[in-house]
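Quick mapping for you: the protein sequence lines, in order, are chains Y and H.
Each step along the first sequence adds one to the number in the numbering used here, with nothing skipped, and position 123 is 123.
Convert by adding 140 to the 1-based position in the second sequence; the result is the number in the numbering used here.
These are computed hints drawn from the structure, not numbers from a lab.
Predicted model, so just to flag it, every value in this text is computed and none were measured.
Hints are not guaranteed to be accurate.
Claimed, not checked - Keeping only pairs whose Cα atoms sit at most 30 Å apart, straight-line, the calculated BS3-like set for lysine-lysine is:
(1) LYS89/Y with LYS42/Y
(2) LYS197/H with LYS166/H
(3) LYS166/H with LYS363/H
(4) LYS397/H with LYS89/Y
(5) LYS397/H with LYS92/Y
(6) LYS299/H with LYS166/H
(7) LYS371/H with LYS49/Y
(8) LYS260/H with LYS203/H
(9) LYS367/H with LYS166/H
(10) LYS49/Y with LYS116/Y
(11) LYS356/H with LYS89/Y
(12) LYS397/H with LYS49/Y
(13) LYS116/Y with LYS371/H
(14) LYS116/Y with LYS397/H
(15) LYS197/H with LYS371/H
(16) LYS49/Y with LYS89/Y
(17) LYS203/H with LYS371/H
(18) LYS49/Y with LYS62/Y
(19) LYS116/Y with LYS42/Y
(20) LYS49/Y with LYS203/H
(21) LYS203/H with LYS280/H
(22) LYS260/H with LYS166/H
(23) LYS367/H with LYS42/Y
(24) LYS356/H with LYS197/H
(25) LYS203/H with LYS363/H
(26) LYS62/Y with LYS397/H
(27) LYS92/Y with LYS116/Y
(28) LYS356/H with LYS299/H
(29) LYS92/Y with LYS62/Y
(30) LYS367/H with LYS299/H
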Amino acid sequence: MKSKLFGSTVLVAGLLIFSGAVFAHHGTGISYDLTVPPVTTKATVTEFKWANPHIGIYVDIKDDTGNVENWSIEGNSPYNWARMGWNRKTLKPGDEITITFYRSKVPNVHAGVIAKAVLADGTEVLRFQRDTPAAGDGVR
Amino acid sequence: MRKRFMSLVVALFAMVVLSSITFAQKFDSHDLTGVWQREGDRGINPVVPEMTPEGLKRFNANKPSYGRPLGAPLNGEHIGRVRAVPPAQGNSLVGDCNPPGIPRLYFEPEPVEFIQIPGKLLQFFSWTRALREIWTDGRKFPEDVDALMPSWYGYNIGKWEADTFVVDSLGYDERSWLDHFGYPHSAEMGMQERFQRVSADTMEMVLAINDPAIYKTPWMSQKHVFKRVPKEQLTLNGWYGFLEGICAPIDEGDFNKRVRDPAGGVTR
Numbered sequence: 001m002k003s004k005l006f007g008s009t010v011l012v013a014g015l016l017i018f019s020g021a022v023f024a025h026h027g028t029g030i031s032y033d034l035t036v037p038p039v040t041t042k043a044t045v046t047e048f049k050w051a052n053p054h055i056g057i058y059v060d061i062k063d064d065t066g067n068v069e070n071w072s073i074e075g076n077s078p079y080n081w082a083r084m085g086w087n088r089k090t091l092k093p094g095d096e097i098t099i100t101f102y103r104s105k106v107p108n109v110h111a112g113v114i115a116k117a118v119l120a121d122g123t124e125v126l127r128f129q130r131d132t133p134a135a136g137d138g139v140r
Numbered sequence: 141m142r143k144r145f146m147s148l149v150v151a152l153f154a155m156v157v158l159s160s161i162t163f164a165q166k167f168d169s170h171d172l173t174g175v176w177q178r179e180g181d182r183g184i185n186p187v188v189p190e191m192t193p194e195g196l197k198r199f200n201a202n203k204p205s206y207g208r209p210l211g212a213p214l215n216g217e218h219i220g221r222v223r224a225v226p227p228a229q230g231n232s233l234v235g236d237c238n239p240p241g242i243p244r245l246y247f248e249p250e251p252v253e254f255i256q257i258p259g260k261l262l263q264f265f266s267w268t269r270a271l272r273e274i275w276t277d278g279r280k281f282p283e284d285v286d287a288l289m290p291s292w293y294g295y296n297i298g299k300w301e302a303d304t305f306v307v308d309s310l311g312y313d314e315r316s317w318l319d320h321f322g323y324p325h326s327a328e329m330g331m332q333e334r335f336q337r338v339s340a341d342t343m344e345m346v347l348a349i350n351d352p353a354i355y356k357t358p359w360m361s362q363k364h365v366f367k368r369v370p371k372e373q374l375t376l377n378g379w380y381g382f383l384e385g386i387c388a389p390i391d392e393g394d395f396n397k398r399v400r401d402p403a404g405g406v407t408r
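Next comes chain H alone, as it looks inside the complex (with noise of 0.2 Å):
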């Protein structure tokens, strides 16, 4: 009896493990469709790259509201930790419900959404339900792109480099920031991500923002790591799918006027 039930356990336990193993191992490296959501704390990376004077005048006029309190102890981190003021004080273009901007859009706590269909692959983003093109299709980037629209969101080609998805982009709106912390780019500058499916389950990230203009060397991003979403976790009342994450200026102004302004001793 005792004998039949170990071998009873010891199949069950060879059961979960064989399925596990299998299911790690069942994913199409090229397929990066899905739900996914970033983990870690927010920003590129901590170590951050010399400025150049112009780099520092302008990190310098952005007000953020993320990290410590401004003039507190740097603690071996990087200074942008340590530049926070209220957001009444702040001016973060996304208090007023402007787009957030890439990279800045990685970095907040929603999920992103990836869909791969013929020419493109769309990022859909949960957070202000932002939708990003990255041209697949063998395109090359536009003739004088600084002539066109400045983007918020890039624009984008896409290839894969063996298992590696490797984004180039050009043309950004210099407004936006790089992160919560206020780190400026130009409009010169370019950037590459590079997706790397690694198990059924996760994805990782790494960024190379170049920039000659603000900052002295190249900026590599730590490896960001993203897991997909399962679908009961993003179904509510029977409902699978985003809740409309839309920053609206209707709400947010109302929200500041009544809240953050008072708030952070800001009378207008």
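If we strip away everything but chain Y, and leave its shape as in the complex, we get (with noise of 0.2 Å):
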């Protein structure tokens, strides 16, 4: 239990610290519209990219017809993710999450960035953006 309390403790403090460098990742603003809420869905994750300098999350999310389709969602660094309790067995294949993310500025492309996932027994992991747009997003 206080190894729980203090893993949290040291989360919250990481994201804090964190939050700076991860807002300013860059480009994010740039091809992503983070002026619009970000996108909330089932999806399954069919490739967890573990690399440098930037994570890629590969998942197929099913649309409102039915169609599988799979989207290519951009993440953080692993140095600032490592240090904020997240490794490259944080996701698998076939993992049931469910993702946030802020679409790409561009239409009909199946790419974006990430807010969050969720796993399905509610952890909450690799937080990176807002859930909800803030004053000043997309325009850094």
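Hints in hand, dock the two standalone chains.
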């Protein structure tokens, strides 16, 4: 219990400390539209690429008509996320998750930047952007 | 009882204050060894000197992805802050994992380790794992430095001036950008870095860029503050050290092709 509490404290401290670096990721507010609410949807992980300088999260998402499309989601750097407690085993192919992401500004492109992922057991992981747009988002 | 309790509180308070003062004073101003993390926003200085026609030409040819979108209102900021295009449409060499060079590498969010050994000070940058040599053995700059290999990290000579470690450098590769905003430099750029350790856990750095071909006056940086990184912050799974921060083209190329390019509306 004590170590769990400590772990949570470290995670929260990490989030606070690195929020500056996180939101300073280059090109994020340029390629992706952070001025509109992000998409939240069920997804199946097809690949989780823990690599420098950007982590790639690839997921299958079912659209309104039942078609399954593969989406490419941009993550943070391993340097930042490792220090927030996540690693290359945080996601694996086949994981059913709820993913929240901001879409590309380019219409009809299956690409986005992650806000967060939630595992089947409710654990929130890979926090990167906010859940809702904030003043200044997208115009850094 | 109450008096005893108050005495204990006062004694504890005094111990904390005294120990922090003692700790704060206990450092060698000529010892820069350690892992340091720069604080604050990226960039040299929001106050940018006027560029020459050649400088402007190179500046306009550089297409960065950091800052606000190209054409956004200036809002009193420097012009470099409103030039960002999607990375897929940009032309920063770093986007293909080429070396960031100096001083741009200072402005990355990862730390740098200073290692002082006889004859030189080594800077080991976490991001890209670049190793930069600053020679302190009394040498002079190479003759005809332009004839040698252009350097991403410079030909660097360091010396102490009182409590300031002064680094003069020449011979830079003109393809690198000075920062994330795409400010250019020429091969003739000379740079001076001045480091001062002001406390056990704080180091300050000021840069001066002298490049008359590009800037009409020398570009003085703002004061950049570095904080010492505690060991526990760099310990993962019981292993202390930098997580390998290599930008490998095989990874970045894959990422660009699958994420960045489509997100930026580019098909290659």
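Against the structure, the hints:
For the given pair, LYS89/Y sits about 20 Å from LYS42/Y by alpha-carbon distance, which is consistent with the 30 Å threshold. Proximity of LYS197/H to LYS166/H is assessed by CA-CA distance (about 50 Å); at most 30 Å being required, the pair is judged violated. Distance restraint check for LYS166/H and LYS363/H: the Cα-Cα separation of roughly 23 Å lies within the 30 Å cut-off, and the hinted pair is therefore satisfied. Note on LYS397/H and LYS89/Y: the hinted pairing holds, with a Cα-Cα distance of about 23 Å set against a maximum of 30 Å.
Pair hint LYS397/H plus LYS92/Y holds up; C-alpha atoms about 21 Å apart against a cutoff of 30 Å. Restraint check for LYS299/H and LYS166/H: satisfied, since their Cα atoms lie roughly 23 Å apart, inside the 30 Å limit. Between the alpha carbons of LYS371/H and LYS49/Y the distance comes to roughly 28 Å, so the proposed pair stays at or under 30 Å and holds. Only pairs whose Cα atoms come within 30 Å are accepted, and LYS260/H paired with LYS203/H is rejected, the gap being roughly 36 Å.
Note on LYS367/H and LYS166/H: the hinted pairing holds, with a Cα-Cα distance of about 16 Å set against a maximum of 30 Å. Annotation: proposed proximity of LYS49/Y to LYS116/Y holds, straight-line Cα distance about 16 Å (limit 30 Å). Using a Cα cut-off of 30 Å, the hinted pair LYS356/H and LYS89/Y is violated, with the two alpha carbons roughly 52 Å apart. Among the hinted pairs, LYS397/H with LYS49/Y is consistent with the structure: their alpha-carbon atoms are about 14 Å apart, no more than 30 Å.
Note on LYS116/Y and LYS371/H: the hinted pairing holds, with a Cα-Cα distance of about 28 Å set against a maximum of 30 Å. Proximity of LYS116/Y to LYS397/H is assessed by CA-CA distance (about 23 Å); at most 30 Å being required, the pair is judged to hold. Our distance criterion of 30 Å between C-alpha atoms is broken by LYS197/H and LYS371/H, whose separation comes to about 45 Å. For the suggested pair LYS49/Y and LYS89/Y, the alpha carbons sit about 10 Å apart, so the restraint of at most 30 Å is met.
Restraint check for LYS203/H and LYS371/H: not satisfied, since their Cα atoms lie roughly 38 Å apart, outside the 30 Å limit. The suggested pairing of LYS49/Y with LYS62/Y holds, with an alpha-carbon distance near 21 Å, which does not exceed 30 Å. A distance of roughly 12 Å separates the Cα atoms of LYS116/Y and LYS42/Y; the hinted pair therefore holds under the 30 Å criterion. Between LYS49/Y and LYS203/H the alpha-carbon distance is near 28 Å, which keeps this suggested pair within the 30 Å criterion.
Annotation: proposed proximity of LYS203/H to LYS280/H is violated, straight-line Cα distance about 36 Å (limit 30 Å). Between LYS260/H and LYS166/H the alpha-carbon distance is near 24 Å, which keeps this suggested pair within the 30 Å criterion. At roughly 42 Å between alpha-carbon atoms, LYS367/H and LYS42/Y are farther apart than 30 Å, so this suggested pair is violated. Distance hint between LYS356/H and LYS197/H is fulfilled; the C-alpha atoms sit about 14 Å from each other, no more than 30 Å.
For a cut-off of 30 Å, the pair hint linking LYS203/H to LYS363/H stands: about 27 Å separates their Cα positions. The straight-line distance between the Cα atoms of LYS62/Y and LYS397/H is roughly 23 Å, inside the 30 Å bound, and the hint therefore holds. For the suggested pair LYS92/Y and LYS116/Y, the alpha carbons sit about 16 Å apart, so the restraint of at most 30 Å is met. For the suggested pair LYS356/H and LYS299/H, the alpha carbons sit about 28 Å apart, so the restraint of at most 30 Å is met.
A C-alpha spacing of about 19 Å is found between LYS92/Y and LYS62/Y, which places the hinted pair at or below 30 Å, so the restraint holds. Using a Cα cut-off of 30 Å, the hinted pair LYS367/H and LYS299/H holds, with the two alpha carbons roughly 22 Å apart.
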